[in-house]
Each structure stands twice: as C-alpha cells, then as structure tokens.
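The chain contents come next:
There are 2 protein chains.
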Amino acid sequence: MVLVNGLQTDLLDVHDRGLAYGDGVFRTLRISGGKAFCWQRHYQKLHDDCRALGLCCPGHAMLSKELGQIAAAYPQCVLKIIVTRGRGARGYRAVGEMQATRIVMASPVPDYPSSYDEQGVRLRICDLKLSLQPRFAGIKHLNRLENVMARREWDDASIAEGLLLDSEEFVIGGTMTNLFMRKGNELWTPDLTRCGVAGVQRKRVLERAAVSGIRCAERRISVAQLLEADEIFLTNSVIGVWQVREMGDNFWKKGEFTPTVRQWLNEPCD
Amino acid sequence: MVLVNGLQTDLLDVHDRGLAYGDGVFRTLRISGGKAFCWQRHYQKLHDDCRALGLCCPGHAMLSKELGQIAAAYPQCVLKIIVTRGRGARGYRAVGEMQATRIVMASPVPDYPSSYDEQGVRLRICDLKLSLQPRFAGIKHLNRLENVMARREWDDASIAEGLLLDSEEFVIGGTMTNLFMRKGNELWTPDLTRCGVAGVQRKRVLERAAVSGIRCAERRISVAQLLEADEIFLTNSVIGVWQVREMGDNFWKKGEFTPTVRQWLNEPCD
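Residue numbers (our numbering), protein chains in the order written: chain X, 1 to 270; chain V, 271 to 540.
Hints are computed from structural coordinates only; laboratory data are not their basis.
There's no promise every hint is true.
To be verified - Under the rule of at most 20 Å between Cα atoms (straight-line distance), these lysine to aspartate or glutamate pairs were calculated in the EDC-like manner: (1) K80/X - D500/V; (2) K350/V - D13/X; (3) K140/X - D166/X; (4) K254/X - D270/X; (5) K524/V - D540/V; (6) K35/X - E218/X.
My request is simple: use the sequences and hints to build the entire structure.
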C-alpha cells in the first residue's frame with residue numbers, strides 16, 4: 001500500500017525532483033501491532049533533515065493520519081516515508097517555494113535469520129570508501145548510490161552487513177546501520193559530522209547510555225581501534241540491534257552489553 | 271511528452287530505485303530540426319556510465335527509436351534520458367539482474383538571454399564544496415544533491431552559473447557545465463577523476479583541440495590559476511559554449527577563442 005500526497009497509488013510524476021536529482025529525504029520505521037514505533041522521533045528527524053535541505057516538511061498531523069491509514073491495513077510492516085522537493089521543470093534550480101511530494105508506503109518486515117538477534121552477525125569491510133561531505137553529513141537524503149554500490153560488493157548470504165569506512169579510512173557504520181563499540185565500560189560510536197547517516201536508534205542508545213551513567217563518545221574510530229573493541233553492535237529502526245561476532249579473521253565472544261542495548265531499544269518510544 | 275519503458279505516460283512506479291536511492295544515470299541533449307545532436311556520443315557515454323554502476327543499459331536501437339518518436343513530435347527541444355536500475359523491493363541490495371527503467375522525455379529549450387552567447391556571462395563561486403568520490407567521478411548519475419544545493423545559493427538572474435570547487439578548493443566546473451581556461455596558447459580543463467561530471471561537449475573540445483594542435487591539459491586548477499586565465503568558457507550540450515566575462519571582482523575581455531570553440535561545437539556531430 002502506497003499513499004502519494006495522500007492518494008492511494010503506486011505511481012509518481014516522472015518529473016519529480018526526487019527521481020531527477022535525489023532531491024529529498026526519507027525515513028524507515030517499524031509498525032508493530034498497528035502502531036508506529038518512535039514516530040515522534042522519526043518525525044522530528046524528518047523535519048530536521050527537511051530543514052537542512054530547505055525542503056518543505058509535511059505537517060505532523062497529516063503524516064500521522066496517513067501513517068495511521070497504512071498501519072490500519074498493515075499492522076506489522078516496515079513503513080517508509082519519502083519527502084522530495086516536488087515536481088519541477090528540468091534544471092537544478094528549484095523555482096520558488098515548491099510543494100513537497102510525500103510518499104508513505106508499507107513493505108513486508110524482512111525475515112532476517114533469528115540467529116542475527118540471538119547469536120550475532122558476520123561483517124565485512126567494504127572496498128568503497130564514503131566521500132566526505134560535511135554539508136549533508138547525518139542527513140538521510142535520497143543520494144544513496146554509495147550505499148547501493150557498497151551493498152553490491154558481496155553476495156554471500158552469511159554476511160549480514162558491510163562496514164563502511166570514509167575516504168580517510170575512519171569507521172562510519174554499516175551500509176544500513178549505525179555502529180557502536182564497547183571498550184571496557186565505555187561506548188564509542190563514529191563521529192558523523194563529515195559523512196554517514198545519524199539514525200534515530202543511534203540517538204536513543206546515546207541518550208540511554210548517558211542516563212545509565214555509561215560514557216559514550218562520538219569520535220573518529222580507526223579500523224585498528226575497532227578491532228580492539230570488547231563488543232561491537234549495529235543498530236537501526238528495522239533490525240533493532242545485532243552484535244557483530246565476526247569480521248574477516250576477527251571474532252568476538254557473545255557480549256553482555258548487546259542484550260542491554262536490545263532492552264533499551266525495546267522500551268516504549270514515542 | 272514522456273516515454274517510460276516505451277509507453278507514453280507521465281507516471282513512474284514509486285518503487286523505482288531511481289527515486290529511492292538515485293540509483294541511475296542520465297543524459298541531456300539537444301534535438302534540433304528533429305535530429306538529436308551528438309546522439310552516438312551521448313549513447314556511448316550513457317553506456318559507459320551504466321557499465322560503471324552495473325546498470326543494464328537499454329539497447330541503442332530501442333533508445334534511438336524512442337528518441338525518434340519524441341523528435342518527431344518536438345523537433346526543437348531538450349531531450350532527457352534517465353536509466354535506473356529498475357523497480358525493486360525496499361533495501362539497498364538489488365536482487366539479481368534487474369530490468370532497467372528507461373525514461374525519455376522532452377523539455378522546452380531554455381530561453382537564456384542571447385547576450386550569454388554574444389557577450390558572455392557572470393559566474394559566482396559557490397560555498398558548497400564538492401566531495402571527492404573517485405568511484406563515481408565523471409559519471410552523470412542521479413545523486414545530484416550537491417548541484418541542487420549549490421544552485422540554491424543564488425537567485426540573482428544576472429549570474430548565469432556557479433563555480434564549484436572540490437573540498438580541496440580545486441576548480442571542478444559549473445553546476446551544470448564543464449569549464450575550460452585558456453592561458454596563452456594552452457587550454458586547461460579540470461581533472462575529473464575525483465569528482466565532477468565529464469560531459470560530451472567537454473570531450474569534443476578536448477578532441478578538437480588535439481586535432482588543431484592546441485595543447486590541452488586535464489589537470490588540477492586552483493582558483494588563483496583560474497583568475498590568471500586569458501579566457502574562461504563553459505560548455506554543455508544545451509548551452510553550447512559561454513565565455514565567462516566576470517567573476518566577483520574579476521573581469522575578462524571578450525576572447526578570441528570562445529567563438530572558435532563555438533564553431534567546433536557547431537560542427538556536425540553524430
């Protein structure tokens with residue numbers, strides 16, 4: 001089921017700037033039992049990302065209503081919201097204040113092996129290096145060719161995720177996940193001020209860690225530092241959290257901290 | 271007039287990866303007197319760009335036929351061709367060999383002031399710096415948020431184009447054009463192996479200069495070097511060539527070389 005500007009249709013105007021230039025942003029979240037998980041947070045992030053690109057963010061009430069329509073029809077699904085700058089004539093210039101296009105759509109919940117939750121996952125390091133663009137860092141915009149090409153690097157079903165480094169070889173995260181590492185009693189997560197996407201669940205982990213008195217630093221992390229981690233885990237709004245157990249020739253024991261993070265992420269979230 | 275996979279429609283499947291991730295490439299060319307200018311070259315570039323991203327490039331005969339349909343209806347227009355990886359389920363991974371989506375559409379020829387051709391243009395330096403991504407450099411892909419945001423920096427109709435620098439402050443080109451500078455008898459154009467789009471007309475100028483015995487170097491160019499140019503000009507397949515006469519506090523006299531380049535670009539081109 002898809003709503004484009006509130007109307008049920010699978011079709012979009014081919015002149016939309018989302019297609020022409022990737023001129024837009026998106027959100028991916030879980031609907032469970034007919035309720036959108038962390039909807040207020042996702043809306044806030046959508047709003048912030050729209051503002052960063054000068055897009056006209058759809059109103060909260062309108063999007064909530066459309067999300068409700070989808071959730072009523074698909075009480076267990078993955079919901080994707082796309083907001084683009086709208087329909088436009090050819091050319092990079094957007095003339096005047098444009099009417100944004102909003103797309104709200106349901107997808108099936110992916111059936112990842114239950115072992116990913118219970119035992120953890122294998123990770124590989126991607127060859128593709130993320131470019132540094134502070135202007136768009138953290139924003140979940142529609143220019144995702146780097147993620148697409150990185151995800152094309154492997155076809156081995158036993159590898160759950162790819163690790164993305166930036167062009168200076170610092171760790172940024174997975175192709176579709178944020179990354180954390182635990183070193184003793186301290187948590188580190190990559191600094192995302194030069195590239196990467198700062199997800200809603202990443203923010204929740206940072207906030208929850210702070211409340212729990214756990215030191216958590218957003219910082220540059222080298223691969224060497226990552227390999228010295230006591231525990232590594234990946235988060236996003238669809239998977240929740242997966243522990244990384246293996247990367248190349250490196251192995252990690254089942255950690256005690258990932259289950260705690262899973263509890264945190266399973267706490268009620270508006 | 272728009273053809274989507276050969277059918278006349280303005281609508282595209284909202285699940286297309288071109289929208290979701292900018293997972294595709296495009297071409298912009300002129301139709302004059304019902305004939306596509308430099309079509310063989312544009313097709314070759316489309317083909318090369320598709321290959322670089324692992325996209326399935328539509329066949330030459332099929333695209334030529336569709337282009338002919340548009341040209342018959344709109345003998346004077348700007349033609350845009352978009353090729354995406356096709357329709358896909360949610361997620362960065364493209365499952366198996368996908369059926370590419372091809373979109374062929376006509377737009378009106380933009381009515382730039384005739385002074386741009388006859389007298390030249392004003393240029394401004396954009397604040398946004400292009401990120402360095404050697405993996406995609408030169409390719410005209412659909413991830414064009416940098417161009418969009420750079421073009422949003424000015425609204426002064428007397429400024430025709432914005433100059434884009436990369437994150438190391440080297441000159442790359444205009445937001446929609448390639449750039450050349452003449453220094454004595456030598457031509458320089460920015461090296462595009464780390465970012466930027468390598469256009470068809472840029473290639474023609476390089477080839478034509480070589481044939482004419484003019485030394486032409488693709489190289490890193492600083493702003494200081496650009497300012498010492500005897501003549502600067504911009505090219506693309508819609509505008510042809512414009513001389514840059516003014517940038518900030520810098521002015522250039524009407525040059526003798528830009529008209530030569532205009533002649534080159536007006537030569538027959540398959």
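Hints and how they fare:
no. : hint            : in the structure
1   : K80/X - D500/V  : violated, 52 Å
2   : K350/V - D13/X  : holds, 15 Å
3   : K140/X - D166/X : holds, 17 Å
4   : K254/X - D270/X : violated, 30 Å
5   : K524/V - D540/V : violated, 30 Å
6   : K35/X - E218/X  : violated, 31 Å
Of the numbered hints stated above, those contradicted by the structure are hints 1, 4, 5 and 6, listed in ascending order.
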